[in-house]
Amino acid sequence: MSKGKSMDASKRIEMQFSVLRTAAAILISLVIAFILIATVSDNPGGDFVTLLTGPLHNSSRMTTIVSKFIPLLFTGTAICLVNSAGQINIAAEGAFFAGAVAATMVGIIPGIPVVIHIPLCVLAGAAAGAVIMGIPGILHVKYNVVTIVAALMINYVALYLGLYIILNPLRDPAAGFEASYPFAESTSLPTLFGNPRIHIGLILGIIAVIAAYLLLYRTGFGLVARTVGNNNKFAVYSGMPVGKTIIGISLFAGCLAGVGGTVETLGNYQRFMYTDFTNHGWDGVMLAVLCHNKPQYMPLAALFLAYIRTSADALNFSSSVPPEIIEVIQAVIIIFVAAEKFLAGWEHKAIVKNSQKELGTQGGE
Amino acid sequence: MLNVIFSFDFFSSILRMSTPLIFTGMAAVIGAKADILCIAYEGMMLFAALGGVLGSFYTQNLLVGVLVGVISGMVIAAIFAYFVMYLEARPLLAGLALNTLGSGGTVYVVYLLTGMKQNTSNLQSLRFPDVHIPGISSIPVLGDLISGHNLCVYLAFLSVIGVWFLINKTRLGLRIRAVGRNPEAAASVGINVKKTKFIAMILSGLLASFGGMYMSMGYLPYFTTDMTAGRGFISIAAQNMGLGNPVLTMLFCLIFGLAMAVGNMAQSYRLPSQFASMLPYVVTIIGLVVMGIKTKREETHIKKPTAGSSTEGLEEKA
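Chains as they are written, first to last, in the working numbering: chain A, 1 to 365; chain B, 1001 to 1318.
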């Protein structure tokens, strides 16, 4: 009984330290950011304040936070799902891009009623995303291909195939730059809160997060997926459908990333204009790290990333400090959160002390 | 167009494209032999590319520039190794972080030192020289093929021999392979596993640095933002295709370089270049599948214990 209690306490301390590590990582990164800003800025204090509170200065910037927040929900959740099943499937990058391309292919067709057109675009995006993220999963299960390598490769295939489709059959020569034909009127996403820059993708993103949470933590499929991720051998020997689960979760994650690409393109642009990766997939990897692969924390993590990205915009607007400083902050946060042994000595001491205390009281009884 | 494909220009274009891939591919070979999942090569290459430019600009001495570049790249490798080996960071995440750092940190350094944000094109930094091999350069066809390339092109091919020798013929190479194959067994015979992996990572960083420096001191005469453009990742794929064998890895780097050169040429002929650009990745995927089928068949026919296969090192618990 008391052994169980002390185990719980150790677990609690571990949890506390995982939060502490994240907080310490953010603090260290802010200190580094301040030093970096101080070295290049004429007004370091002002620029540092911009970095911290710039996004809150006016409603336009707060809208920007939300509009940056939406796509991150999708790719972040997608990576949480595949990571939970032990798959380092970073094809979310390609799936996001492919989703945008597929949505464009459907979105430029004129004369479809709104009620069908938007769902069709979303469906096309989801299907394209599922194909791109599904391939590394299938190759891993069927042919024992290393997932991360297959995913890296498939990202480039998605990129170049997508660019080919956009820049050849779908290219609008009248655009004056490299872009597709404009989307049909019937694809403009419904907006929320009367704000033309906040679209229905926000609701879809929240649904994606909830769906992923329910799938992982409230279904048998999710339990198998997490078992595969935690202890692959155990899952194999206990007869769980390991292969099917990996493929299934990769396809579902791909759907989410693809829908992310769809709403991001239709919600923010008049035509397809990407010429390279959008980096949303790699952002998703970072977010999944911050969340420990738990979708329920994704909104918070995505909000944080959207916030500091908006800070970067604000810095770019108001000072000469290069906004890429934000990337340095991100790098520092990821590496310290990822470092399991960072603060480990302290954590270990806390656990030992706690156990000693409990053993002591037990002995006294 | 066919006469273009068989021209000397096209041949040297393949070499130009392949050179950074070969250097970094060799870096990836060492990393894989030590069983380290490192994707931080982009970051190492970017910092080395910038370090080389800045070092050679401020001192106007190529050797000092190279030294600064190499140290810049190796520092990133050391940070990676320290976090992965001693702070037990998951390698994929440490790599992701350092690539992000390479992308943003280099822009910061460029701005801090030069006040520019995009590139260093107005710095008079030095380039690696072109090498005209005396004797060979005067032979009609062979001379044009072999002689007159950038110094780094030759160094890249030498690095293949160097890495092969290091891995197969030296004590250090044996140790690197031992800690990669079976760290417990290596430790039981007194090899310091962490230290050996650390050294392997530093050597890996050294090679990746040359890949980066070639980009800014040979391929182009200046540093630009994100100039490695995924070459670090392509090199990892080449290593994987080459099963960790330096010579095979070099061959796949050349195939990737060929596809890049074809892509460039297609672009200048206003043909859709995307298919050529896509080709190496499709080839890699097909190759991985074929290899997967082959190993699966071997495993089912001969029931042998699955001792550390070359792909095992790349698996990691997410």
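Among the hints, a few may not be true.
[Claimed, not checked] Okay, derived cross-link-like pairs now, SDA-like style, lysine to any residue, Cα gap no bigger than 20 Å in a straight line: (1) K142/A / V1283/B; (2) K1294/B / Y143/A; (3) K1194/B / G345/A; (4) K341/A / V1193/B; (5) K1296/B / P44/A; (6) K244/A / D276/A; (7) K11/A / H292/A; (8) K1195/B / V1283/B; (9) K1117/B / I247/A; (10) K294/A / D1226/B; (11) K1117/B / D313/A; (12) K294/A / K353/A; (13) K341/A / I1079/B; (14) K353/A / S18/A; (15) K1194/B / Y1222/B; (16) K341/A / K1195/B.
[Unchecked claim] Computed Cβ-Cβ distance ranges for the label pairs, DEER-style: (17) K142/A / Y1086/B: 33 to 39 Å; (18) V1247/B / L300/A: 24 to 30 Å; (19) A175/A / Q1267/B: 15 to 21 Å; (20) R171/A / E1184/B: 55 to 61 Å; (21) T1114/B / R218/A: 43 to 49 Å; (22) R12/A / A1185/B: 34 to 40 Å; (23) V1290/B / A175/A: 50 to 56 Å; (24) M62/A / A1078/B: 37 to 43 Å; (25) G1143/B / T39/A: 49 to 55 Å; (26) I210/A / F1011/B: 54 to 60 Å; (27) R171/A / L1151/B: 38 to 44 Å; (28) N58/A / S1121/B: 34 to 40 Å; (29) G220/A / Q1267/B: 36 to 42 Å.
[Unchecked claim] So, partial list: chain A residues that the calculated Cβ filter (under 8 Å) puts toward chain B: (30) I28; (31) V31; (32) D42; (33) P44; (34) T53; (35) I88; (36) P113; (37) V141; (38) V146; (39) L170; (40) F304.
By construction, these hints were calculated from the structure, which means they are not laboratory data. The beta-carbon is built from N, C-alpha and C at its ideal position, and this holds for glycine as well.
Hint-by-hint comparison with the structure:
1. For the hint linking K142/A to V1283/B, the alpha-carbon distance of about 18 Å falls within 20 Å, and the restraint holds.
2. The straight-line distance between the Cα atoms of K1294/B and Y143/A is roughly 9 Å, inside the 20 Å bound, and the hint therefore holds.
3. Between K1194/B and G345/A, the direct Cα distance comes to roughly 19 Å. Compliance with the 20 Å bound is thereby established for this hinted pair.
4. A threshold of 20 Å between alpha carbons decides the hint, and for K341/A with V1193/B the separation of about 18 Å falls inside it, so the pair holds.
5. Restraint check for K1296/B and P44/A: not satisfied, since their Cα atoms lie roughly 60 Å apart, outside the 20 Å limit.
6. Straight-line distance between C-alpha atoms of K244/A and D276/A comes to about 33 Å, which puts the hinted pair past the 20 Å bound.
7. Only pairs whose Cα atoms come within 20 Å are accepted, and K11/A paired with H292/A is accepted, the gap being roughly 15 Å.
8. Distance hint between K1195/B and V1283/B is unfulfilled; the C-alpha atoms sit about 37 Å from each other, more than 20 Å.
9. Restraint check: the Cα-Cα separation between K1117/B and I247/A comes to about 43 Å, which exceeds 20 Å; the hinted pair is violated.
10. For the proposed pair K294/A and D1226/B, the alpha carbon gap of about 31 Å is over 20 Å, so the pair is violated.
11. Taking the CA atoms of K1117/B and D313/A, the gap is about 15 Å. The hint holds against a cut of 20 Å.
12. Pair hint K294/A plus K353/A does not hold up; C-alpha atoms about 30 Å apart against a cutoff of 20 Å.
13. Under the criterion of a C-alpha separation no larger than 20 Å, the hint pairing K341/A with I1079/B is consistent with the structure, at around 15 Å.
14. Distance restraint check for K353/A and S18/A: the Cα-Cα separation of roughly 18 Å lies within the 20 Å cut-off, and the hinted pair is therefore satisfied.
15. Between K1194/B and Y1222/B the CA atoms are separated by roughly 37 Å; this puts the pair beyond 20 Å, and the hint is violated.
16. Restraint check for K341/A and K1195/B: satisfied, since their Cα atoms lie roughly 17 Å apart, inside the 20 Å limit.
17. Range check, K142/A to Y1086/B: Cβ separation about 38 Å, and the 33 to 39 Å hint holds.
18. For V1247/B and L300/A, the hinted distance range of 24 to 30 Å is not satisfied, since their beta carbons lie about 49 Å from each other.
19. In this structure, A175/A and Q1267/B meet the distance hint of 15 to 21 Å, their C-beta atoms being roughly 20 Å apart.
20. Checked against the hint of 55 to 61 Å, the pair R171/A and E1184/B passes, with Cβ atoms roughly 58 Å apart.
21. Taking 43 to 49 Å as the suggested C-beta distance range, the pair T1114/B and R218/A does not conform, at roughly 55 Å.
22. Between R12/A and A1185/B the beta carbons are some 38 Å apart, a value that agrees with the proposed interval 34 to 40 Å.
23. The given range of 50 to 56 Å is broken by V1290/B and A175/A, whose C-beta atoms sit roughly 42 Å from each other.
24. Take M62/A and A1078/B: their Cβ atoms lie about 41 Å apart, and the range 37 to 43 Å holds.
25. Restraint check, G1143/B to T39/A: a C-beta distance of roughly 51 Å satisfies the suggested window 49 to 55 Å.
26. Checked against the hint of 54 to 60 Å, the C-beta distance between I210/A and F1011/B comes to roughly 57 Å, which is consistent with it.
27. Against the hinted window of 38 to 44 Å, the Cβ-Cβ separation of R171/A and L1151/B comes to about 42 Å, which satisfies the hint.
28. For N58/A paired with S1121/B, a C-beta distance near 36 Å keeps the hint of 34 to 40 Å intact.
29. Distance hint check for G220/A and Q1267/B: the Cβ-Cβ separation is about 51 Å, which falls outside the suggested range of 36 to 42 Å.
30. For I28/A, the shortest C-beta to C-beta distance to chain B is roughly 13 Å, which exceeds 8 Å, and the interface hint is violated.
31. Contact between V31/A and chain B, as hinted, is not supported at the beta carbon level, the nearest pair being about 15 Å apart and thus beyond 8 Å.
32. Annotation: interface hint on D42/A violated; nearest CB of chain B at approximately 12 Å, more than 8 Å.
33. Of the supplied interface hints, the one on P44/A is violated, with its beta-carbon coming no nearer than about 13 Å to a beta-carbon of chain B, more than 8 Å.
34. Annotation: T53/A was flagged as interfacial toward chain B, and the flag is violated, the nearest CB pair being 21 Å apart, outside 8 Å.
35. Look at I88/A: its Cβ gets to within about 5 Å of chain B, closer than 8 Å, so that hint holds up.
36. Annotation: interface hint on P113/A violated; nearest CB of chain B at approximately 34 Å, more than 8 Å.
37. For the restraint placing V141/A at the interface with chain B, the shortest Cβ-Cβ distance is roughly 10 Å, beyond the 8 Å limit, so the hint is violated.
38. About 5 Å separates the beta-carbon of V146/A from the nearest beta-carbon of chain B, less than 8 Å, and the hint is met.
39. Restraint check, L170/A versus chain B: the minimum CB separation of about 12 Å is more than 8 Å; hint violated.
40. Hint status for F304/A relative to chain B: violated, with the closest Cβ pair at about 15 Å, above 8 Å.
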